[in-house]
Every structure is written in C-alpha cells, then in structure tokens.
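Read off the chains here:
2 protein chains.
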Amino acid sequence: MSEDELLRWLRTKIDPCLLGDDAAVLPAGGPVAVTVDSQIAGVHFVPDLDPALLAPRLLAVNLSDLAAMGAEPAYAFLALSTAPGFDHRRFFRALIEACRHFNVLLAGGDLARSPATVATLTLIGRRPEAGRFLRRADAAPGHVLWLGGTIGESAAGQRLIARGARLRKGRVELPDDLVAGTLLQGAARRAVRRHLSPSPQLALGQWLGRQEAGAAMDVSDGLAKDLRRLCQESGVGAEILADELPLPDRFSDLCREIGADPLSLALGGGEDYVLLFTLPERIVPAEPGARKIGRITRSKRIVLRQDGERRDLPDLGWDHLRSSGAP
Amino acid sequence: MSEDELLRWLRTKIDPCLLGDDAAVLPAGGPVAVTVDSQIAGVHFVPDLDPALLAPRLLAVNLSDLAAMGAEPAYAFLALSTAPGFDHRRFFRALIEACRHFNVLLAGGDLARSPATVATLTLIGRRPEAGRFLRRADAAPGHVLWLGGTIGESAAGQRLIARGARLRKGRVELPDDLVAGTLLQGAARRAVRRHLSPSPQLALGQWLGRQEAGAAMDVSDGLAKDLRRLCQESGVGAEILADELPLPDRFSDLCREIGADPLSLALGGGEDYVLLFTLPERIVPAEPGARKIGRITRSKRIVLRQDGERRDLPDLGWDHLRSSGAP
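Top line first, the protein sequences correspond to chains A and B. The first sequence lines up with residues 0 to 326 when you count with numbering that gives the first Met the number 0. The second sequence lines up with residues 0 to 326 when you count with numbering that gives the first Met the number 0.
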C-alpha cells in the first residue's frame with residue numbers, strides 16, 4: 000500500500016478536515032496539557048506484537064500522563080515509523096477504536112518507514128471545567144501518599160512475554176515450560192494482559208483535580224524512581240510502608256516462579272500506569288483499588304519501612320537512556 | 000549519562016516549569032495549528048550525521064509545515080529515541096539554540112533508547128493576529144501558482160551525501176572523486192548545505208495568511224506529488240511550465256555530473272521545504288526567490304508544458320511507505 004492509498008483509506012475513517020493540510024487546526028480554548036510518548040519495537044514491546052495491541056497500548060500509555068494531570072483527553076497526533084511488512088490498517092483500525100472509546104480525536108500525524116517500528120503519540124488534553132491541572136510539586140508534609148492500583152504486575156508480565164508468553168485473539172498463551180501445571184497460570188495471564196493493555200486512570204485523575212490540594216503523577220518508571228521525582232518537585236520526603244504496597248493476587252508466588260524479587264519488581268519494574276498521588280488526611284478517594292502507602296514528610300529522605308526497620312528507598316527503576324530496569 | 004542526569008542538565012537550559020510534570024500546561028489562547036514529523040536514521044539522514052545538525056534540521060522540517068499554514072511557531076515537544084553513543088548534550092544545545100532563533104519554546108518530551116535514532120517533533124503554532132490559517136483547499140481556477148524558492152537542490156544534496164559528502168565544522172567536504180576539479184564544487188556544496196539546513200519560509204507563510212485568497216502547502220515530497228495533493232484538496236487542476244520551474248544555479252550541470260535527470264529531481268526529489276502557493280493574479284509576493292510556475296485550472300488535469308508540448312505531470316515523488324523517490 001502506498002502512503003496516498005493509506006491516507007485515502009484513513010480519510011474514510013477519520014474526519015477528513017483534519018488530514019488535508021500540513022498541520023491540524025484546533026479551535027480556541029482554555030489552557031491545555033500536552034504530552035508525548037514513544038513505543039519502540041525491541042525496547043517497549045516485542046517486535047512481533049500485534050499492531051492491534053500496539054495501537055491501544057500507545058494510546059493508554061499517553062493517556063496515563065493526561066490522567067496524572069487531571070486532564071480530559073481531546074486530540075491525538077501520531078508519528079508512525081514502521082518496519083517492512085507492518086499492517087497499517089490493522090494498527091489504525093485499533094487506534095481509531097481506542098480513540099473513540101476515550102473520546103480522543105486523531106487529528107494528524109506523519110508516516111515513515113524505518114528499520115524498527117517506532118510509534119510516537121502526542122496528546123492534547125483540556126482542563127475539566129470544575130478542575131485544576133495536577134502537578135508533581137503540590138505534595139506537602141502530612142499528606143497521605145496513595146497509589147491508584149497495584150504495582151509490579153506489568154513488569155512481571157513483561158518478563159513472561161520475554162520468555163514467550165503472547166496475547167493472541169484475546170487469549171494469553173503461556174509456553175509449556177512457564178508456570179505450567181501450577182495454580183499460578185491465572186496470575187501469569189493477568190500479568191501479561193496488564194502489561195499489554197494498561198488502563199489509564201483518567202476518572203481518578205479528574206477526581207483528584209477537583210480536590211483542593213494534593214500532587215499527582217503516573218507510575219511509569221517504577222515507584223522508587225517516580226516517588227523520588229515527585230518528592231524532588233515538591234521539596235519534601237516520604238515514608239512508605241512495604242507491607243502496604245498494593246500487589247496483585249499471588250504476586251509473590253508468581254515472582255518466585257519467574258525468579259524475580261517481588262519487592263524489587265514492585266518498586267522498580269515500571270510501566271504500572273497507576274497514579275501516585277498525595278491528599279490531605281481528610282480526603283479519601285472513592286477509587287476501589289486505591290491504597291494508602293505512606294506519608295509525605297518534611298525531611299527530604301525517602302524511607303522504606305519494612306519488618307520494623309527503616310531504610311532509604313532503594314534506587315531502582317527504569318532509566319530510559321540505560322537498559323537498567325528492575326532485577 | 001542517565002536520564003535523570005540529562006533532565007537535570009536540561010533544566011538549567013530550559014524553563015524548568017515546563018519539564019517537571021507528566022504533561023506541559025500551555026496557556027489558554029486562540030486556535031492553534033499542530034504538526035508532527037519524524038527524522039529517522041538511515042531514512043531521512045545518514046546515521047553518522049552530527050546531532051548538532053540533526054536537531055536544527057528536525058526543527059526546520061517541522062517549521063516548514065507551520066509556514067505552510069501561515070502560523071507563528073510557539074511550542075515544541077520532542078520524542079527522541081537514540082542509538083547507543085548518541086551525544087544528547089550536543090543535540091539539545093543545538094535544538095535549544097535553533098528554538099530560540101525561531102522563538103519556539105521547547106516545552107516537553109520523551110527520551111528512549113532505540114536500535115536506530117528516531118527524532119519526532121510536535122510543533123504548536125498560533126494564528127497571527129491579522130492573519131488566517133492557510134489551507135490546501137483554497138486554490139481556485141485562475142489563481143497563479145507560485146513556488147517560494149528553488150526545487151531539486153535538496154535531492155541533489157542528498158545524493159551527494161549518499162556518495163560521501165559531509166558537512167563538518169561548518170564546511171562541506173566532498174570526496175575526491177565527486178565533482179572534483181570541476182566548476183561545480185560550489186553548486187555541490189550549496190546542495191549539501193541546502194539538504195542538511197533547510198530554511199522554513201515562515202515570513203512568506205505569514206504574509207500569505209494576510210492576503211484575502213489563496214492556498215498553500217510546503218513541498219516536502221516533491222512538487223509533482225505535493226501539487227497533486229493541493230489540486231485534489233481544492234478540486235482543481237493545474238498547468239505548469241517546465242521552463243519556469245525555479246532551479247538553482249548550475250543545477251543541470253550538477254545533475255549531469257551525478258547522473259540524475261534535472262527535471263525528475265526537481266519534480267520528484269522532495270525535501271525542498273519551499274512553499275507552493277496560489278494567489279489571485281493581482282497579488283504578487285515580495286519574496287525575492289518566489290517564482291510563478293503556472294496557473295490553477297478548472298479542468299482537474301495536472302499538465303506540464305515543455306518545449307511546446309503538453310503532457311500529464313509525471314507521477315514522481317517521495318512515498319513515505321515505499322522507498323520510491325526520484326530516479
């Protein structure tokens with residue numbers, strides 16, 4: 000398929016007014032939040048990943064940044080560089096469907112060929128009428144520290160995928176030698192699904208934006224690294240309780256099975272795409288999966304309490320310029 | 000260098016307010032034009048290209064899209080995926096300097112490692128107070144068709160670079176066996192420079208936006224392909240004169256030397272980054288390099304007049320999904 004053929008096909012699917020010019024024109028409006036994130040074959044996903052899974056994952060990962068801002072998603076711009084043989088229609092069908100689901104308008108983009116597939120999405124979000132944009136810098140001593148959902152599971156899923164697990168036609172397939180014949184297959188399947196299909200916490204973010212105080216960000220590079228960033232922006236420290244970290248069902252057993260340390264994966268695995276946020280003690284989120292994990296402190300140390308001991312939070316997490324993730 | 004180290008360094012160079020959160024917050028304002036474009040190692044540039052040249056080229060290529068809209072550049076968002084050994088500081092120093100030159104605020108981004116370097120820039124531009132956004136769909140029969148500058152030169156430069164020409168420390172170096180000892184070295188050097196350092200026609204675009212009528216786009220995929228797109232959007236045809244196409248000095252001789260056909264390179268070479276625009280006959284641009292190349296017609300044919308003959312414009316040009324460029 001040539002570029003012009005693909006564009007003609009796309010214009011039957013997307014508002015053609017947005018695709019005809021060198022740039023998309025967006026109407027006047029209030030302040031906006033803008034974020035950009037890439038998914039790269041061999042780095043963020045296995046090269047044989049179904050384009051119909053890649054597209055919604057790309058969107059979800061970016062939406063998670065807007066969720067962290069308390070923003071309402073509005074427009075998406077795609078830069079897609081693909082390796083030979085890439086199924087563009089399959090990718091775009093899934094992307095357009097996912098955009099529709101989240102009320103996002105795919106408003107423009109750029110296509111190219113490339114040795115390895117790289118998909119970059121820019122999202123523009125609005126500030127909801129009754130809300131404020133959330134910042135990392137708004138954490139204050141005394142705030143309770145919360146996580147919007149479990150951590151570590153996506154990293155476990157990523158390790159399972161690296162060892163051959165795949166999501167095909169809506170079903171997770173596990174290689175025979177992986178967690179075979181154990182009670183852990185359900186946990187393994189959930190982990191693979193969690194890694195490939197993260198759920199951005201948009202409603203939680205917008206709810207947080209309606210509260211009078213509190214900071215937020217999304218956990219994408221691992222709780223340890225991201226909590227450190229939040230504390231730095233706010234000029235505060237934190238104390239978190241290892242026992243209170245929300246972990247998925249049978250997570251420790253699953254980690255044992257794949258030779259990973261549960262706490263390291265939870266603190267440094269990354270790609271959790273849940274919100275990390277702070278709130279004054281009296282405000283409690285309705286989000287059923289949210290969990291208190293500690294407290295913001297005046298001292299700038301970031302402390303992990305485990306088995307009655309207090310130690311500095313280990314320096315784990317994903318560095319986008321090195322290949323260091325969790326062990 | 001780790002990601003956090005790079006970010007700390009960047010925050011000494013860029014407004015730190017823009018880098019602290021999951022998304023950048025931009026103030027309320029009028030309608031905006033948004034464009035996104037990628038530069039990929041091995042596709043758009045040779046893998047050994049100096050990052051200090053890559054960065055301004057990435058910006059210029061995107062600014063050319065805003066120029067084609069008549070927009071005033073405002074914000075840039077970068078997604079940078081780099082191969083091992085990439086010199087981030089060199090890239091960012093050059094990018095920040097180029098942004099400053101064009102009054103663009105680098106407002107956010109995403110960093111990753113990748114097998115091959117891919118740099119994607121999203122630009123947001125404003126509508127100038129007294130102007131309108133230019134569209135491809137505003138060409139009308141009787142309009143004069145213009146080019147903002149010469150075409151074909153960038154493609155010649157690209158071919159010279161493929162054969163070993165390099166721009167180093169501000170000087171173009173030509174391999175000994177390439178246009179050696181001829182009068183064409185100046186033309187060859189200009190072509191290499193033109194390819195690596197395009198000049199977006201922002202002032203011309205904004206001037207066009209202040210005129211009462213006329214369509215515009217930038218020539219990035221070759222005049223033949225881009226003129227066809229402009230005519231399709233406007234539901235018109237065009238007649239262009241081969242003799243009137245603005246070509247650089249000694250272009251035909253240079254093409255002969257590198258074994259390329261001048262007309263094919265001019266029509267299909269691409270990456271010219273000059274504006275293609277239409278105006279009512281009575282309006283003439285002040286841009287010194289602008290040249291009338293023909294006229295918009297009611298018939299939807301796109302005709303090339305050469306040596307008294309009229310024939311359909313050949314179907315040349317760059318297809319971003321195939322590897323087809325000009326011969």
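Please note that a few of the clues may not be correct.
[As the list claims (entries may be wrong)] A few chain B residues that face chain A, going by a derived Cβ cut-off under 8 Å, partial list only:
1) D21
2) A22
3) P26
4) G41
5) D64
6) L65
7) A70
8) A97
9) L104
10) G108
11) A111
12) R112
13) T119
14) R125
15) G258
16) P261
Everything labelled a hint here was simulated from the structure, so no lab data went into it. Note that CB positions come from ideal geometry on N, CA and C, so glycine has one too.
Status of each hint after checking the structure:
no. : hint : in the structure
1   : D21  : holds, 4 Å
2   : A22  : holds, 4 Å
3   : P26  : holds, 5 Å
4   : G41  : holds, 6 Å
5   : D64  : holds, 4 Å
6   : L65  : holds, 6 Å
7   : A70  : holds, 7 Å
8   : A97  : violated, 18 Å
9   : L104 : violated, 11 Å
10  : G108 : holds, 6 Å
11  : A111 : holds, 5 Å
12  : R112 : holds, 6 Å
13  : T119 : holds, 4 Å
14  : R125 : violated, 10 Å
15  : G258 : violated, 25 Å
16  : P261 : violated, 25 Å
Of the hints listed earlier, those the structure fails to meet are numbers 8, 9, 14, 15 and 16, in rising order.
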